[in-house]
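K.L.:
These protein sequence lines are chains P and D, in that order. Read in the numbering used here, the first sequence has 125 at position 125, and its numbers run on one by one without any break. For the numbering used here, count along the second sequence from 1 and bump the result up by 1000.
Calculated directly from the structure, the hints in this document are not laboratory data. The beta carbon of each residue, even a glycine, is placed where N, CA and C say it ideally should be. All clues given are correct.
Label-pair restraints from in silico Cβ distances:
| no. | chain 1 | residue 1 | chain 2 | residue 2 | range |
| --- | --- | --- | --- | --- | --- |
| 1 | D | Gly-1266 | P | Glu-96 | 19 to 25 Å |
| 2 | D | Ala-1260 | P | Leu-49 | 21 to 27 Å |
| 3 | D | Arg-1283 | P | Leu-127 | 37 to 43 Å |
| 4 | P | Asn-109 | D | Lys-1234 | 35 to 41 Å |
| 5 | D | Glu-1273 | P | Leu-127 | 40 to 46 Å |
| 6 | D | Glu-1273 | P | Gly-60 | 33 to 39 Å |
| 7 | D | Arg-1259 | P | Glu-96 | 18 to 24 Å |
| 8 | P | Glu-96 | D | Ala-1260 | 16 to 22 Å |
| 9 | P | Glu-126 | D | Glu-1273 | 38 to 44 Å |
| 10 | D | Gly-1266 | P | Leu-49 | 29 to 35 Å |
Residues per chain are reported as follows:
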Amino acid sequence: MELFIFNSAEEYLGIDANYVYRVVEEIKITPVPMAPPYYLGLIYYRGELFEVVDIVGLLGSGKAKLKGNPRIILLKWSDKKLAVIPDRISGLLWIEDKKGQDTIFTEGNHSVRLITPENIWKRLLELPYGPTKISEDF
Amino acid sequence: MGRTSIKNKLILSFLALLLIVTVVISVINWVATDFLLSQAISTALALAAGIVFGGIFSKSLVNRLKSLSDAAREVSHGDLSREIPLLSRDEVRDLEEIFAKMVDDLRNMISEMKNVSIQIQQTNRSLLDFVKKIVKRGEEIDQLTKSIAKGSEEQTLIVQKTAISLDNGLNQMDEMVKQSSETVSKANEARLQAEIGENKASQTVKHLEEVLKQMSEHTQPMFRLANKVEKIKKVINIMDDIAQKTDLLSLNASIEATRAGEMGKGFALVADEIRSMAENSKRSSQDIKTMVEDILEDNKTATIALTKSEEGINRGRETIRSILNTFSETLKDVKDISSAIKEVEEVTGKQVIQMRNLSGHFQELSRLADKNFISTQKTTVATKNQIDDIVKIAKAMRSLTALSEKMMLTQQRFKLSAARQPASEAALETISETALD
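Please put together the full structure from these sequences, using the hints given.
P.N.:
This is the structure we're talking about:
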């Protein structure tokens, strides 16, 4: 299978390249009020809305840096659309089929963690509405 | 009545007695019958007549001599008031007159002596008063002289101290004149050095101007280089941007090729190559960018250094100009100071001359003060001697007063008639009492 490898918070993540719709840059992220804490907003690309997720924070390994003009990976499968912001994009890598979400394999000197957009979506849906800080205060 | 000598008296008396005796003997002889008897009676009568006549005559003479002797005794006892009787008409009369004259002379002399004694005492009293005044004045003079001597001594000390101070002052002024000369010399040296410094500062300013000009000329290419490098940087940024776009494009092409499956494998290879080229060009552009940034940084550092150097040179130029101005002002001040010091030197020289004259005057004054002190000492001694002499005179006058008193006492032994009493006895006593105080 073809994996799309990117780096976030010192961790290499890999996602099936078939889920990757585009890699874009210089697109404005519009924030959404009362959204979950790792839900960064919406972007509009060629007539479609993509929900931008802080993949690093969502997977519990830190927080996206979002500095400069980051590249955004647009994921699209069935009727769902997500956008994640990596620190750096490594490229495509052909590997043998792996088991699925959170599988870790070694490529060269690096360990790569496999993620699926469904899992990202699922975790996103589990998040409470509104900022974490506010919900904790309540 | 005429005067008769004793001899004539005796002759006349003897003839009268002889006549009487002759008459008596004639009568007796006439009467008497017996011759012897008559002779005896005549002899007896003659003897009796001789005895009576001799007795009367001697008694008269003795009585007058006794009277004269009594008068002489009274005179010898100091009674000069008695008048000498002039009873005789013979040679005793001369004696009486001489004695009376002697007594009268003695009386006059004693009276005169009394008067003289009184005058002596009066004079003594006046003299004693005068001597007292002289002694008092002498004591005052002595005090004044001592005071003058003390003042002279103090004056001498002050004059000596002042002379010493003047000498010290003169020495200091000499030193000051010497230092003034040295200062003038040093001021001239300083002026010379300031002139040299001013010339050198002017030359340094000229050199700095040239250096600045050269630096400005040398800096221009660097600024031009910086501008060119900036342009290169912009081009590199564009290249980098293109590389990024190419990379993104190739990445998306690879994704599309992957999605196309087997049909897109060839395209995926091309996309990979393109991405590889984009990454290479990106790395190259990054390297160029790094080099350009290094060049820019170096150029910036050099420019900053040059700017700083220029600023430093400008500051140095300003500083040197300031130093130049300071040198000019210093030169002016040094000239002023030099002229002022010269004036001070001249004035000090004049002051030294005047001080020397003053010192000479002070030495003269010191000498005069010494002389004055010695004179006052001598005056003190002379005054003391004078007072001693006056005391001796007073003692002599007291002795004289005592002698005059003694003379007065001696004179008091003589009794004079009231008419011949001199002055008032009470006054004389008062005089004698006051004179002997």
